[in-house]
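Residue numbers (the working numbering), protein chains in the order written: chain V, 1285 to 1579; chain S, 1400 to 1834; chain F, 33 to 104.
Be aware that one or more of the hints could be misleading.
[To be verified] Here are the simulated lysine-lysine pairs, BS3-like style, with alpha carbons at most 27 Å apart:
id	chain 1	residue 1	chain 2	residue 2
1	V	LYS1482	F	LYS65
2	S	LYS1567	F	LYS65
3	S	LYS1785	V	LYS1500
4	F	LYS65	S	LYS1560
5	S	LYS1701	S	LYS1785
6	S	LYS1781	S	LYS1453
7	S	LYS1567	S	LYS1537
8	V	LYS1482	V	LYS1569
9	F	LYS65	S	LYS1701
10	V	LYS1569	V	LYS1500
[What the hints assert, rightly or not] Computed footprint of chain S on chain F, listed as stretches where at least three residues anywhere in the stretch have a Cβ under 8 Å from a Cβ of chain S:
id	stretch
11	74-85
12	89-96
[To be verified] To give a feel for the contact side, a few chain S residues facing chain F, derived at Cβ under 8 Å:
id	residue
13	LEU1443
14	SER1547
15	ILE1617
16	VAL1624
17	GLN1631
18	SER1637
19	ILE1716
20	SER1718
Calculated from the structure, these hints are not laboratory results.
Where a beta carbon is used, it is the ideal one built from N, C-alpha and C, also for glycine.
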Amino acid sequence: MQRDIRLDVAEQSWLGRFRAMGSPCEFVSEVSRRAQALELTELVAAEAWRIEDKFSRYLDGNVVDRINSAAGAPIEVDDETADLLDFAVTLYELSERRFDITSGALRRVWRFDGSDRIPDQKSVQEALQWVGWHRVNWQRPVLQMPIDMEIDLGGIGKEYAVDQCAALLIEQGGGPSLINFGGDLAATAAAVKRDKWKVAVERSRPDEPDRIIDLKRGAIATSGDARRYLENDGVRYSHILDPTTGWPVPDAPRSITIAADTCVQAGMISTLAMLKGPQAEAFLKAQDVVFWCRR
Amino acid sequence: MRRKENRSISAALAAATCSLLGNGIAAAVDAQEEPAWDFNTSLLYYGEDSDRVKDFSVSAIARRMFVDDRFLALGLTVDSLTGATPSGAIRQDVAQTFTRPSGDAAYAVPAGVLPLDDTFLDTRVAITAGWQQPVGEKSLINVGASASREYDYTHIGVNAKFARDFNKRNTTLSAGIAFSMDSLDPVGGAPTPFTPMLDVGDTRNRIGDQDKDVLDVILGVTQVVSRNLIVQANYSYSMSDGYLTDPYKVLSLVDGTTGDTLVRTLTPGVDGPSHQFLFENRPDERTKHSIYGQAKYYVNGKVLDASYRYMTDDWEIDSHTVDLRYRIPFGNDQYLEPHLRFYAQSEAEFYKLSIRDDQPLPSFASADYRLGDFEAITAGVKYGWKTRDDNEMSVRAEWYGQTGSIPVGQILGNQAGRDNYPDLNAIIVQFGYRF
Amino acid sequence: MNRTIGIAFVAMMLCGGCASMGIEPWERDVLAKDEMQLTTDEIEAATDDHIYFSKEASSGGRGFGGGGCGCN
Chain V
1285 MQRDIRLDVA EQSWLGRFRA MGSPCEFVSE VSRRAQALEL TELVAAEAWR
1335 IEDKFSRYLD GNVVDRINSA AGAPIEVDDE TADLLDFAVT LYELSERRFD
1385 ITSGALRRVW RFDGSDRIPD QKSVQEALQW VGWHRVNWQR PVLQMPIDME
1435 IDLGGIGKEY AVDQCAALLI EQGGGPSLIN FGGDLAATAA AVKRDKWKVA
1485 VERSRPDEPD RIIDLKRGAI ATSGDARRYL ENDGVRYSHI LDPTTGWPVP
1535 DAPRSITIAA DTCVQAGMIS TLAMLKGPQA EAFLKAQDVV FWCRR
Chain S
1400 MRRKENRSIS AALAAATCSL LGNGIAAAVD AQEEPAWDFN TSLLYYGEDS
1450 DRVKDFSVSA IARRMFVDDR FLALGLTVDS LTGATPSGAI RQDVAQTFTR
1500 PSGDAAYAVP AGVLPLDDTF LDTRVAITAG WQQPVGEKSL INVGASASRE
1550 YDYTHIGVNA KFARDFNKRN TTLSAGIAFS MDSLDPVGGA PTPFTPMLDV
1600 GDTRNRIGDQ DKDVLDVILG VTQVVSRNLI VQANYSYSMS DGYLTDPYKV
1650 LSLVDGTTGD TLVRTLTPGV DGPSHQFLFE NRPDERTKHS IYGQAKYYVN
1700 GKVLDASYRY MTDDWEIDSH TVDLRYRIPF GNDQYLEPHL RFYAQSEAEF
1750 YKLSIRDDQP LPSFASADYR LGDFEAITAG VKYGWKTRDD NEMSVRAEWY
1800 GQTGSIPVGQ ILGNQAGRDN YPDLNAIIVQ FGYRF
Chain F
33 MNRTIGIAFV AMMLCGGCAS MGIEPWERDV LAKDEMQLTT DEIEAATDDH
83 IYFSKEASSG GRGFGGGGCG CN
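Generate the whole structure from the sequences, applying the supplied hints.
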């Protein structure tokens, strides 16, 4: 796995790049000295990799792995993990059980590779036995989960990392910076040298004009199925699965971009809206957030 | 009940986030979409050599994006033309006089000079409007209208296009149709075809206003070949119906042996043509077929754009066009783009250098060099850069040259050894600004 | 004339047969660039179409080209 950092000069700023959590990550800083830009990039990268190593479901030995291989035994977790689990519980309730960190088990029957292979109802029903936060016993700081169930913090992890890095930068006095982890991003303060950060919202067709958001401060996150979906018989199945049915949310928008105070809020509102399927726009209008919804 | 529920979600989420992230959360978000208007403007100068056509043109296209990827495009172009264009009459070793198309005056051309008609001064205004929107998830539809006006020509047209994506959006099929209704109101009225050019003030041979309709159909396929290569192929069909003749163009009536234009006796005290000229006559229908292919290939930051078009029609004109562009980026958002275009066409079946008096008149005839046998080259370069506030500017300079030839069988007597084909040399300079 | 239509038809069918050719949606980064669009500058393309429509006997190809003026 590549863990190197690149630092380049960009227009009136420094651009630090590295890979974390499966995405290309960028850090844009307006400090004047290269040495300081490098120091800040290393700080951001280190925090991103720390969070990745701790919560990735792909790594052996970390807290998520211990929980997933507990085979029914209770596991005691630290404060940071407990905070994330509490947050997941709130989202589980706010989404009427549709945001569920135990829904990863559905991955055993759904593979979103752009093909036309959808599972049959019987396999989906079978997989649902291992899904459902209501089956989990969570009494902070101890978590106990039935055998064969698993948790996956991928739905929160990247946005959480962006916000943690932003907080670190503010603490370190890093000046106006933009953190962008694969499209989930936050600006710590308004860019001084170029007046605002310009973020392009991905266009669905090449011959469309770009939609540009002028970001002074705050965060932007996007949920979408532009890259991962299945298509069968003319019907498009987005990768947003509804853990209460085991099937993709019907009529989910193609992509939702949200601007909010923190990346976690932006990410979670866009996820909650996606889970509402056809009611996504109504939900977003009622939230009074800045949003872009594409069908 | 639902509304209240929805609103409390935001608040609950904000509170939960606060617990998760602890202190030091960023201040309130400040994010706005940039204004939805997009402008593309340009200033153009086109100039042929000597006294021939010069054109200044200002254009602008404004695009307005709406929610859900719909957009409106509005365009305006104003052209100002000056200069003269070959009238179709051939050079002579003596001076010649012609009556202006208006019939109000005459003009003289010295011996040995190619006759040019300068009744071409004009200003033209053209507007276009188009609307595009997606249809479902894989298709889009585009409808538009256009109109233009110059002192002797009015055009209105409508067009529509439908496109659908297949195969993970790697293949796009499209079909388009356009229909124009144009009307001509030539200065002095359109002349009866094949009648002679008459004296100043004599308007006996005029037939008034004329119309022309054009139907265009285009079918296309665009295919993504690889991450760096995209290709397109189109088939076009075009049908023009109505008055297709150029009301201002003539042919010289010549002696079948000497090839010299027949002299005309002028009435004393009356101005008029010194020689005999006949107004041209083209068919009232024209059907064209074209096939076009284009490829854009990205290699190491540079882009090669190559296209080929073959056209054939029922006037027996065949043409080939090869167009090559190579964009080379450098520095901060700058690029150089050299451009080369090759064009070759064969003459129309009724193209004639002159009309001979010792044979019956053909059904149709025109000496318009644009229907002749010629090759053309365009060579130029474009330079583009980004302004301080991130807008795009560009400038291009090109040279366009045509060299033609007359089919050997058409050259009669003294016409040989003269430079009969009005070769063209023009420069094109265009500034562009997008914001 | 028929030969032209025949060639055009075959070319289209060949392209249609490229049904399995292409890239994944996440590989569209290069194609999304402005300079890789089939028409990069709308005004430049319209200007050229108009100039060549006025000075030559052919028009169009890429789209509905030129026309709508008294210059030919």
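So, going through the hints one by one against the coordinates:
1. V:LYS1482 x F:LYS65: 17 Å, holds
2. S:LYS1567 x F:LYS65: Judged against 27 Å, a Cα distance of about 19 Å means the pair holds.
3. S:LYS1785 x V:LYS1500: 22 Å, holds
4. F:LYS65 x S:LYS1560: 24 Å, holds
5. S:LYS1701 x S:LYS1785: 17 Å, holds
6. S:LYS1781 x S:LYS1453: Distance ~21 Å between S:LYS1781 and S:LYS1453 Cα, so the pair holds.
7. S:LYS1567 x S:LYS1537: Cα-Cα ~9 Å, so holds.
8. V:LYS1482 x V:LYS1569: 24 Å, holds
9. F:LYS65 x S:LYS1701: Roughly 12 Å separates the two Cα atoms, so the pair holds.
10. V:LYS1569 x V:LYS1500: Holds - the C-alpha atoms of V:LYS1500 and V:LYS1569 are around 22 Å apart, at most 27 Å.
11. 74-85: Per the Cβ count (7), the hint holds.
12. 89-96: This one holds; 8 residues, not fewer than the three required, reach chain S with a Cβ under 8 Å.
13. LEU1443: 6 Å, holds
14. SER1547: This interface hint holds because 5 Å falls under the 8 Å limit.
15. ILE1617: Hint on S:ILE1617: holds, closest Cβ of chain F at ~7 Å, below 8 Å.
16. VAL1624: Result: holds, 6 Å to nearest chain F Cβ.
17. GLN1631: It holds, given that the least Cβ distance between S:GLN1631 and chain F is near 6 Å, below 8 Å.
18. SER1637: Holds: closest Cβ of chain F sits about 7 Å from S:SER1637, inside 8 Å.
19. ILE1716: Holds - the Cβ of S:ILE1716 comes within 8 Å of chain F, reaching about 5 Å at its closest.
20. SER1718: 4 Å, holds
In the structure shown, no violation is registered for any of the earlier numbered hints.
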